[in-house]
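S.K.: Starting from the known structure of chain G, arrange chain L on it as the hints suggest.
Residue numbers (the numbering used here), protein chains in the order written: chain G, 53 to 167; chain L, 63 to 172.
No wet-lab data here; the hints were simulated from the structure. Since the structure is predicted, the reported quantities are computational estimates derived from the model, not experimental observations. Even for Gly, the Cβ is constructed at its ideal location relative to N, Cα and C. Just to be clear, a hint being listed does not mean it is correct.
What the hints assert, rightly or not - Which stretches of chain G does chain L cover? Using the computed rule of at least three CB atoms under 8 Å from a CB of chain L, they are:
1) 88-97
2) 102-112
3) 136-149
4) 155-165
To be verified - Straight-line Cα separation of at most 25 Å, PhoX-like style, residue types lysine-lysine; simulated pairs:
5) L/Lys169 <-> G/Lys109
6) G/Lys109 <-> L/Lys159
7) L/Lys159 <-> L/Lys131
What the hints assert, rightly or not - Now the in silico label distances, taken between C-beta atoms and shown as ranges:
8) G/Gly92 <-> L/Glu128: 31 to 39 Å
9) G/Gln135 <-> L/Ile136: 36 to 44 Å
10) G/Asn104 <-> L/Thr157: 13 to 21 Å
11) L/Ile136 <-> G/Glu155: 14 to 22 Å
12) L/Pro155 <-> G/Ser79: 22 to 30 Å
13) G/Thr65 <-> L/Glu128: 46 to 54 Å
14) L/Pro155 <-> G/Gln132: 32 to 40 Å
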Amino acid sequence: GAGVSQSPSNKVTEKGKDVELRCDPISGHTALYWYRQSLGQGLEFLIYFQGNSAPDKSGLPSDRFSAERTGGSVSTLTIQRTQQEDSAVYLCASSFRQGARTEAFFGQGTRLTVV
Amino acid sequence: DAKTTQPNSMESNEEEPVHLPCNHSTISGTDYIHWYRQLPSQGPEYVIHGLTSNVNNRMASLAIAEDRKSSTLILHRATLRDAAVYYCILDRPGTYKYIFGTGTRLKVLA
Numbered sequence: 053g054a055g056v057s058q059s060p061s062n063k064v065t066e067k068g069k070d071v072e073l074r075c076d077p078i079s080g081h082t083a084l085y086w087y088r089q090s091l092g093q094g095l096e097f098l099i100y101f102q103g104n105s106a107p108d109k110s111g112l113p114s115d116r117f118s119a120e121r122t123g124g125s126v127s128t129l130t131i132q133r134t135q136q137e138d139s140a141v142y143l144c145a146s147s148f149r150q151g152a153r154t155e156a157f158f159g160q161g162t163r164l165t166v167v
Numbered sequence: 063d064a065k066t067t068q069p070n071s072m073e074s075n076e077e078e079p080v081h082l083p084c085n086h087s088t089i090s091g092t093d094y095i096h097w098y099r100q101l102p103s104q105g106p107e108y109v110i111h112g113l114t115s116n117v118n119n120r121m122a123s124l125a126i127a128e129d130r131k132s133s134t135l136i137l138h139r140a141t142l143r144d145a146a147v148y149y150c151i152l153d154r155p156g157t158y159k160y161i162f163g164t165g166t167r168l169k170v171l172a
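So here's chain G without its partners, still in its complex pose:
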């Protein structure tokens, strides 16, 4: 499809396990964002990638969280030693960054449940 694709759509994991969440952005988009949305809350910024620049990791809540973007395309968000408070919907977005016109396209999200 032409939109942002995230996988898996749902993930249930045991506390203490590591998880990987994948994001396939829209082809040609230079910018990629990860957000987290806890139940009934707004979106919390996690990390931003733009081209070959160093990512803005200022929103990552702890060193258990990391993300990479390979070849300027697909991104993986990794959560190590998951905790129950990590349960949330993880949303990925991409945009073609051109000045300040940054219409972002979001995926459907990955719902992570840590039991």
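M.R.: Using the frame of chain G, we list chain L on its own:
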């Protein structure tokens, strides 16, 4: 980070206009005002954005106050499908990260 303030919730009757307010008193001269909405169980989707002048597109209109410290998203005829959480966000060139608040949950009554 520039912040926005929105009412937690609003209600509208179907086929009536809806005016969703947003305050952004700390806006700077180069910040763009963006609106997104999030339908139930979906990721946010872009609605509209502007800088100084009012903007119209097929989804909505954006009215920006002369001092730019507030703006209003206008849905001209609300439908049941417009029930969503609406987020007003400031896009500051050079910072790249959208800061989402809690938004306004719009309920549309049939």
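S.K.: Please go over all the hints and tell whether each is borne out by the structure.
M.R.: Consistency of the hints with the structure:
1. Figure legend: the segment 88-97 of chain G, annotated as covered by chain L; annotation consistent (5 residues with Cβ-Cβ distances under 8 Å, at least 3 required).
2. Here's how the segment 102-112 of chain G fares: 4 of its residues keep a CB closer than 8 Å to some CB of chain L, so the rule of at least three is met and the hint holds.
3. Residues of the segment 136-149 of chain G lying with their CB closer than 8 Å to a CB of chain L number 3, which satisfies the three-residue condition for coverage.
4. Three residues within the 8 Å Cβ limit are the bar, and the segment 155-165 of chain G against chain L gives 7, so the coverage statement holds.
5. Restraint check for L/Lys169 and G/Lys109: the C-alpha separation of about 35 Å exceeds 25 Å, so the hint is violated.
6. Straight-line distance between C-alpha atoms of G/Lys109 and L/Lys159 comes to about 10 Å, which keeps the hinted pair within the 25 Å bound.
7. Only pairs whose Cα atoms come within 25 Å are accepted, and L/Lys159 paired with L/Lys131 is accepted, the gap being roughly 20 Å.
8. Taking 31 to 39 Å as the suggested C-beta distance range, the pair G/Gly92 and L/Glu128 conforms, at roughly 35 Å.
9. Take G/Gln135 and L/Ile136: their Cβ atoms lie about 43 Å apart, and the range 36 to 44 Å holds.
10. Checking the proposed 13 to 21 Å range against G/Asn104 and L/Thr157 shows it holds: the Cβ atoms sit about 19 Å from each other.
11. One distance hint, 14 to 22 Å for the beta-carbon pair L/Ile136 and G/Glu155, holds here, with the actual separation near 19 Å.
12. Separated by about 25 Å at the C-beta atoms, L/Pro155 and G/Ser79 satisfy the suggested range of 22 to 30 Å.
13. About 51 Å separates the C-beta atoms of G/Thr65 and L/Glu128, a value consistent with the hinted range of 46 to 54 Å.
14. Look at L/Pro155 against G/Gln132: about 34 Å separates their beta carbons, and that is inside 32 to 40 Å.
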